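Participant: We have chain A already, so just place chain B on it with the hints.
2 protein chains.
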Amino acid sequence: MTLEQAKKDLYALSAKMAAYNHATALIFFDGATTAPKGTSANRGQTLSILGEESYNLATGEQTVQLLEFLDSNKDSLSKEEQRMVFLMLKDIRDMQKIPLEEYVALQKLMVEADDVWHRAKETDDFALFEPVLEKVFDFYKKIAKWCAPEMDSYDYWLNNYETGLNKARCDEFFATLRSKIVPLIKKISEKPQIDDSCIYGDFPVYKQKELSDYLMRLMKIDMDHCGLLTTEHPFTISFGSHHDVRITTNYHQDNFVSSLYSVIHEGGHALYDLNTKDEYAYTALDGGVSMGIHESQSRFYENLIGRSREYVELIFPKVKELFPEQMKNYTAEDLYKAVNKAQPSLIRTEADELTYCLHIMVRYELEKRIFADELSVHDLPKEWNRLYKEYLGIDVPNDKEGVLQDSHWSGGNIGYFPSYALGSAYGVQLLKKMEETVNVKECLKKGDFEPINNWLKEHIWQYGSLFTPSELLEKALGEKFDPTVFTDYLEDKFTKLYNL
Amino acid sequence: MTLEQAKKDLYALSAKMAAYNHATALIFFDGATTAPKGTSANRGQTLSILGEESYNLATGEQTVQLLEFLDSNKDSLSKEEQRMVFLMLKDIRDMQKIPLEEYVALQKLMVEADDVWHRAKETDDFALFEPVLEKVFDFYKKIAKWCAPEMDSYDYWLNNYETGLNKARCDEFFATLRSKIVPLIKKISEKPQIDDSCIYGDFPVYKQKELSDYLMRLMKIDMDHCGLLTTEHPFTISFGSHHDVRITTNYHQDNFVSSLYSVIHEGGHALYDLNTKDEYAYTALDGGVSMGIHESQSRFYENLIGRSREYVELIFPKVKELFPEQMKNYTAEDLYKAVNKAQPSLIRTEADELTYCLHIMVRYELEKRIFADELSVHDLPKEWNRLYKEYLGIDVPNDKEGVLQDSHWSGGNIGYFPSYALGSAYGVQLLKKMEETVNVKECLKKGDFEPINNWLKEHIWQYGSLFTPSELLEKALGEKFDPTVFTDYLEDKFTKLYNL
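Residue numbers (our numbering), protein chains in the order written: chain A, 16 to 515; chain B, 16 to 515.
Chain A with its partners taken away, still in its complex shape (with noise of 0.2 Å):
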């Protein structure tokens, strides 16, 4: 084998790989959007055969022998190359330590998994999600049996979504976390409470989505390359490479920001997917390095952007356009105010930014016992609500708001929560770095998201998945990860809003 040919057949081995990607991940799509109810199982058993195809594809001896090759040859390979073969042997050892039969099961599972998931939460009825969740999870841990036995089973899938995290960590960021935002609420509930009435009334679904198609226009997201459909849960998705991406909503008739919010977040998503360098497209740099990064995109543009002051004026006009009558008496103080309330509530992807991270905790809590065996899936639902009466003092009425309100456990992202966390912590340090070169709070009085998205492509969203996580935050901040910043940030924001 020459250099130069295994070069070649790297780049044709990641174009092979990322077409199975797109397939796959449309036929997800297709799932979570417009397929009729009752065809979950024929789409398990296309998924099963097409991950079959994929894992021959990628653990086969021609595949390995050509990355061993070219990994024994790292000098003579540019850094992209390098990270391109480092990344891919990295998921085919992994791969390759999962049975095949094992790894097409898996498949079947998570769309039996998705499907149940939908139907129970429709019907709030734990009990019908139980059994497949169990399944979920123990599936889980047996994966992290197989790819790193020396290693714990829960940090196997925190460093999977974040390289470098472990419990350890997660329990010291977590701590920083709490001993500032706990006090903070408790000053709040003592002080006179925001009203927010200005987002509750009816809000016309075709109105709302005016209003997603101008929030998109005016983060200058690629609209040609990015679509927006409606699911039970918003969530971004690229499909082969990062010139076809898909963000979705969920709207709610009666409360127009809660649209609103998962525009915006899965925006910022879009965004830094939609901006990796062109060359990358088709290969293993392609798209987000990592979810806490990937989170630190999306939060900044929900709430460090989109729940700022400046940006809520930005916006407020095109609100009182769309909605006259239901807006005639606030102005976008009232909506200012009302979109940062902070107060203990039900629903994760709605919380305001104070108490958004409780709601992680509480997850993570669950997830970690979960897999210590200290907690069984049946308990779920009891643990969930004694947690959420512990960390936000809030009584669960049902688990369809409760233990069953979100995508993540049915769909295989288990590990994930503490990205949101994170990537909340890492947004505000990036947009303090930010704003010593460009004036956030004047690009966003003009309506002018050219400089704040130049500065997020320069250091971030180009370099797809070159870098580390850290070695990208790193470069980007020209400092380490310091959650102080985040909690200062919630401390002065919070204390200017409630006079506390």
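In case anyone wonders, no lab produced these hints; they're calculated from the structure. Here the structure is a predicted model, which is why all the values come from computation and not from measurement. Hints may be right or wrong, so weigh each one.
Same chains, same names: a pair is fine if it fits in one copy or spans any two.
Straight-line C-alpha distance at most 30 Å; calculated DSSO-like pairs for lysine-lysine [as the list claims (entries may be wrong)]:
| id | residue 1 | residue 2 |
| --- | --- | --- |
| 1 | K356 | K206 |
| 2 | K52 | K89 |
| 3 | K415 | K123 |
| 4 | K52 | K94 |
| 5 | K222 | K52 |
| 6 | K52 | K224 |
| 7 | K156 | K447 |
| 8 | K201 | K235 |
| 9 | K123 | K495 |
| 10 | K222 | K333 |
| 11 | K335 | K222 |
| 12 | K23 | K112 |
| 13 | K52 | K292 |
| 14 | K292 | K123 |
| 15 | K333 | K112 |
| 16 | K94 | K23 |
| 17 | K201 | K123 |
| 18 | K461 | K335 |
| 19 | K235 | K52 |
| 20 | K123 | K383 |
| 21 | K105 | K201 |
Facilitator: Chain B in isolation, oriented as in the chain A frame:
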């Protein structure tokens, strides 16, 4: 290789092919429904790679050996397995004659053609479409030469959609139709014309969507396995098996019957696919046997059922409920007459039963001449317009409503159009046969589609591709196909309608 193992391998191979078909059909469907408009190159990349994978699977040594082994042991196979092996070998032998790089190039070309056609139709710009359409026709000429060098190229494609069909038979069939239809149209033109004003007005799309849902339920389409979406051009597609079927329609706010008959037409296709025997799923026997038979089912539902007096009377109360203002001055009889108004028109999919076949003849003539190199793609619009004048007596005002109206050429469905006319004729003969044992009029009066669907399932739907089109048809009819049954039906219907 043991026969037992070979049979197992046959089903595994079929399932794998079905999985690739699922993926590629869904990627195409995504492009036609919800994909952002700048993403077609991304789909082209994936489709060309998956195309190469399935080409290699289909033509690989292992596959060919397996099928040839089974073929040489035909006598030990069930009737079903014999047919599966026959159909798969036939496809593979054709595929083997197309060089791999050409096969891959074709996948990319078809994505491009679909994309360019959409834009060309939108902007009424045939010049934009011309170069890619030329490539498509050239490609299909080449494929015919590779696959059947001994055959006339256009005959190859006619036979591809309807086994046994060729130009000579088409010419004869169309001559039979023309000899009855043309004088009928002339007689009608001398009579007072039908007032069809009840179908025009302002019909909000969301109300039309409710109507679609009602129509699909009425036809007893299994909505758990059949979805409905909106596209530029209505079509029916299956994903991997008959367990997941999708139909599409196109709503016109100013005319509610356009989508109404699209839904019924595509619903007829869907019923055929959905009701294949369950054990044929994921094999070459799944789904309809030919486009002629497929169109016989869709045109059966659209015209023989949908445009009958009894059916219009059946659905009229629902139409009135959805559009009370628009319909307040009209009766079911007005609507029945309006949807049967025979009048030369521009758009094939909206043509009445009588003039419809003339639209087909225009397309047939043009394809025939292009394949005979007697007509260039460049001259297509001019020739299209000339033939519309000659056959239908009307002037085509623009290419959007002329040569750009159909998606068939951009979709590579060349030689397909005669299937519509054949299917229309098959359908009438099937109805006549059905009426020997089923009181169809009575069923429609009661809105009871069970006996109709049961008859079609028993005689047509369940068999999938087990029989050749003519075997299936003759088995159902107990006699040979006779196009004069169709022309007699037209003469009878329109003589009564217009008091000729």
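Participant: All the hints need checking, so say for each whether the structure fits it.
Facilitator: Hint-by-hint comparison with the structure:
{"no.": "1", "hint": "K356 / K206", "in the structure": "within (12 Å within a copy, 73 Å between copies)"}
{"no.": "2", "hint": "K52 / K89", "in the structure": "neither (49 Å within a copy, 40 Å between copies)"}
{"no.": "3", "hint": "K415 / K123", "in the structure": "within (24 Å within a copy, 45 Å between copies)"}
{"no.": "4", "hint": "K52 / K94", "in the structure": "neither (46 Å within a copy, 34 Å between copies)"}
{"no.": "5", "hint": "K222 / K52", "in the structure": "both (27 Å within a copy, 23 Å between copies)"}
{"no.": "6", "hint": "K52 / K224", "in the structure": "both (24 Å within a copy, 18 Å between copies)"}
{"no.": "7", "hint": "K156 / K447", "in the structure": "neither (39 Å within a copy, 63 Å between copies)"}
{"no.": "8", "hint": "K201 / K235", "in the structure": "neither (39 Å within a copy, 59 Å between copies)"}
{"no.": "9", "hint": "K123 / K495", "in the structure": "neither (42 Å within a copy, 47 Å between copies)"}
{"no.": "10", "hint": "K222 / K333", "in the structure": "both (11 Å within a copy, 28 Å between copies)"}
{"no.": "11", "hint": "K335 / K222", "in the structure": "both (11 Å within a copy, 28 Å between copies)"}
{"no.": "12", "hint": "K23 / K112", "in the structure": "both (27 Å within a copy, 28 Å between copies)"}
{"no.": "13", "hint": "K52 / K292", "in the structure": "between (38 Å within a copy, 21 Å between copies)"}
{"no.": "14", "hint": "K292 / K123", "in the structure": "between (34 Å within a copy, 24 Å between copies)"}
{"no.": "15", "hint": "K333 / K112", "in the structure": "neither (54 Å within a copy, 60 Å between copies)"}
{"no.": "16", "hint": "K94 / K23", "in the structure": "within (16 Å within a copy, 47 Å between copies)"}
{"no.": "17", "hint": "K201 / K123", "in the structure": "neither (46 Å within a copy, 61 Å between copies)"}
{"no.": "18", "hint": "K461 / K335", "in the structure": "within (18 Å within a copy, 51 Å between copies)"}
{"no.": "19", "hint": "K235 / K52", "in the structure": "between (35 Å within a copy, 16 Å between copies)"}
{"no.": "20", "hint": "K123 / K383", "in the structure": "within (25 Å within a copy, 48 Å between copies)"}
{"no.": "21", "hint": "K105 / K201", "in the structure": "neither (46 Å within a copy, 75 Å between copies)"}
Of the numbered hints stated above, those contradicted by the structure are hints 2, 4, 7, 8, 9, 15, 17 and 21, listed in ascending order.
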